[in-house]
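Q: Add chain U to chain H, keeping to what the hints say.
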Amino acid sequence: MKIYNHLLMTMGAALMLVSCGQQNQNSTGALSSSAAEKVYVAPGEQDEFYAFLSGGYSGNLTVYGLPSGRMFKEIPVFSQFPTSGYGYSEETKPMLNTSHGFVPWDDAHHPDISQTNGELDGRWIFINGNNTPRIARINLSTFETEEIIEVPNSAGNHSSSFITENTEYVVAGTRFSVPIPQRDMPINEYKSNFKGSLSFISVDPEHGHMDLKFQLLMPGFNYDLSHPGRGKSHGWFFFTTYNTEEAHTLQEVNASQNDKDFIAAVNWKKIEEYVNNGGGTKMPANYAHNLYDEGTHTATTTMYKEVLTVDPLKVPGAVYFLPTPKSPHGCDVDPTGQYIIGNGKLSADLTVHSFDKMIAAIEGEKFDGEAYGIPILKFEDVLAGQVKSGGLGPLHTEFDGNGNAYTTFFISSEVVKWKLGTWEVIDRKPTYYSVGHLMIPGGNSRKPFGKYVVAMNKITKDRYLPTGPEMEHSAQIYDISGDKMELIYDFPTHGEPHYAAGIPAEILAPKSQKIYRLDENEHPYVVKTPTDAKVVRDGNEVHIYMSTIRSHFTPDNIEGVKVGDKVYFHITNHEQDFDVPHGFAMIGQNTSELLVMPGQTKTSLWEPKQVGVWPFYCTDFCSALHQEMQGYVRVSPANSDVELKWSLGE
Amino acid sequence: MKKASLLMIIGPLFLLGLYVFPLWNIMLGAPQYPDPLGLNIHISGLQGANEFDIQNIDGLNHYIGMQTLPKPEDMWEFGTFPIIIGIMVAIGVLIGFLGYLGKVNYKWFIGWFTLMSIMGVLGMYDFNQWLVDYGTNLDPNAIMKLTNPDGTPMTYKPPLLGHVKMLNFDVTSMPASGGWLMFLGMTLTLTAGFLGWKNTKKQ
Chain H
1 MKIYNHLLMT MGAALMLVSC GQQNQNSTGA LSSSAAEKVY VAPGEQDEFY AFLSGGYSGN
61 LTVYGLPSGR MFKEIPVFSQ FPTSGYGYSE ETKPMLNTSH GFVPWDDAHH PDISQTNGEL
121 DGRWIFINGN NTPRIARINL STFETEEIIE VPNSAGNHSS SFITENTEYV VAGTRFSVPI
181 PQRDMPINEY KSNFKGSLSF ISVDPEHGHM DLKFQLLMPG FNYDLSHPGR GKSHGWFFFT
241 TYNTEEAHTL QEVNASQNDK DFIAAVNWKK IEEYVNNGGG TKMPANYAHN LYDEGTHTAT
301 TTMYKEVLTV DPLKVPGAVY FLPTPKSPHG CDVDPTGQYI IGNGKLSADL TVHSFDKMIA
361 AIEGEKFDGE AYGIPILKFE DVLAGQVKSG GLGPLHTEFD GNGNAYTTFF ISSEVVKWKL
421 GTWEVIDRKP TYYSVGHLMI PGGNSRKPFG KYVVAMNKIT KDRYLPTGPE MEHSAQIYDI
481 SGDKMELIYD FPTHGEPHYA AGIPAEILAP KSQKIYRLDE NEHPYVVKTP TDAKVVRDGN
541 EVHIYMSTIR SHFTPDNIEG VKVGDKVYFH ITNHEQDFDV PHGFAMIGQN TSELLVMPGQ
601 TKTSLWEPKQ VGVWPFYCTD FCSALHQEMQ GYVRVSPANS DVELKWSLGE
Chain U
1001 MKKASLLMII GPLFLLGLYV FPLWNIMLGA PQYPDPLGLN IHISGLQGAN EFDIQNIDGL
1061 NHYIGMQTLP KPEDMWEFGT FPIIIGIMVA IGVLIGFLGY LGKVNYKWFI GWFTLMSIMG
1121 VLGMYDFNQW LVDYGTNLDP NAIMKLTNPD GTPMTYKPPL LGHVKMLNFD VTSMPASGGW
1181 LMFLGMTLTL TAGFLGWKNT KKQ
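Which chain is which? The protein sequence lines are H and U, in order.
Mapping of the first sequence onto our numbering: position 226 corresponds to residue 226, and the numbering continues sequentially without gaps.
Add 1000 to the 1-based position in the second sequence for our numbering, that's all there is to it.
Excised from the complex, chain H in its bound form (with noise of 0.2 Å):
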């Protein structure tokens, strides 16, 4: 096994170096002009493309301008965020509440935004923690956090979180299968006891909220990515399989040994039928749902206590398992939903299933034998072709709406056009280094909106100045609009990209919105006026109902505040202007700043534990006077009897 590695990696090593002789070759002056102009986005103008790549390692979601690679925002998702003050804000710590209690960093994968028949409709865009499973919504107008819930009976929640072609469910597969549920046994009876589940989680059309609607027990093999059919495999969903050895251990190895794994076929529509006809089985259960309301500008937490499961015995006819070499990884359905792709990680060759030879498989019974009751139906009667690619270790594949299909290629570092039912190979291009995933906006709906791919890589090296061991991840974006693509850029990407979604500047920023309205904000401690703002105490507890608006705070002088209180500064913002926020920081705070946008309320506690005149000072440069935005609060004795009592100008 050693050995075939080293093996795989010189041929790898071979292939790049080629590649790359051919590349420079054709980087003539001519070509980088022209690469220059192609990406080249003046001062004042706007890109043709939002790309939100997710942050992997960080926990957060980036949003990216295509195609000049400029980084717009960070949204704070799976992690604590300082900069803002999500999830330290007492209005945004239940976002990160699970089962394990405060939970404030995560591992998020991959981002897919909302469709409607099977195009990108750009309400919302939903992305997988994989650590602590989770998915959370994220509102494309406000390009906040709205939603997050939490998976039960998963454990690495990766094949996640991609959704149907109208937003019906957003899907949440386990990379790790486990005890279903949860108890103490030894590890090594894992074979045949642990399971895998397979979350269908409803996606409500108004507004978007979640709801586990069922999950399906599979065996207890490995559930690495998945994707939905569409169009005519609409109603399918196929998820890739690895591990199908059931090892518990050394998986580098023991989960390696089968010649083939699965691409598991999900019917879920019939499964849905049989849930909506009162079929499953209700198991005990403890996830956290968080949901964040735009309106009191707070999120809430709920505890479920059930789950309903789905054993896929009790479905006749609604999961089957298609054969597929070498470990496949990523599972894409191009945009016509005919073609299945398994990109075999350990092997050179990429897998096509047929969705219309499946299904004749599975009519004319064609089965190849079972795993746990399952039907396996026979390889060759599902291929559509294979693609003899010459690279080595594909991982992802997708589609420019043009019958080109588009695959990253880690090992050889490369990524391959081919052509969807020819599998002839059409054009390769090197990446720097190691790609891992690759994004064409659209490139998993069936409108792809095929101009430019980009590569997420794993490995940077030396492709910027030098920054210490640690630097950030590398992308390039290469023009696919003609027959041969051509590297037009490179920058770099914060955390580990893994996957991404883009959609067209056109049908997202018209409706992003400028402010929240003061006279909509429904925060219990919202200060409407500045006439309003006071300081009310409450045992220990002093809530400070604070205004801002350029340039003080209402009120800025604070006293009778004791050693030993919680005192709660709840800042609503009175500007009612585009980007004009206001921060808040108070001297000693074991907590971040605040950030709050226009209209909107936030709270932030401080104990004080020192007797004192303490400062506290607005963080963000809001005008001219935002030196002078700042304020006193005075800080006596736990046993003493100065006033409450607030002013301002006074």
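Note that these hints are calculated values from the structure, not bench results.
What you were told as hints is all true, and nothing was included just to trick you.
Result set (DMTMM-like, lysine to aspartate or glutamate): computed pairs, CA atoms no more than 20 Å apart in a straight line:
id, chain 1, residue 1, chain 2, residue 2
1, H, Lys269, H, Asp204
2, H, Lys511, U, Asp1035
3, U, Lys1145, H, Glu628
4, H, Lys191, H, Glu245
5, H, Lys528, U, Glu1051
6, H, Lys514, U, Asp1035
7, U, Lys1071, U, Asp1133
8, H, Lys511, U, Glu1051
9, H, Lys534, H, Asp519
10, H, Lys73, H, Glu144
11, H, Lys534, H, Glu90
12, H, Lys514, U, Glu1051
13, H, Lys378, H, Asp356
14, H, Lys528, U, Asp1058
A: For chain U alone, coordinates are given in the frame of chain H:
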């Protein structure tokens, strides 16, 4: 005379547009306001070109000590103008009808136009007086007290018509849709007077 009278009936009706559309408009653009702030002046009060523009203009102006923009109840003009316009429209249409019936001659048409013009000029004068007060009657405790190169205190009167550069702002003042409709209507009544006069000469 019939054609002239019809014009005289239609012309004043264009003034009804003032009840819906703004008479005048002042736009304030600056580098940090790529979407300019705007003030629409209706005969019944001031409105922001966008919903929060008045609040935002007031917010900026407080730095240099300007008063906040008046609400309808703060100025008698906003109560009176709608009544005056209503009366003038009624009189104009009535004159047109009487002309059509041959009861009055073209001089009445000219008379209405002249009266309306005088009132328009008075209105402009009044408006300018307000602009002067708004731009020069500043809070002595203003945060920023700026002076001209000659040492005199800087004032901020928006132009009555046209463009002025004021600190970082480009201020443009122009008649707005209601104002243009009014001018069109008045032109029609002047034309009515002219046609009536020509008609009389022929006879």
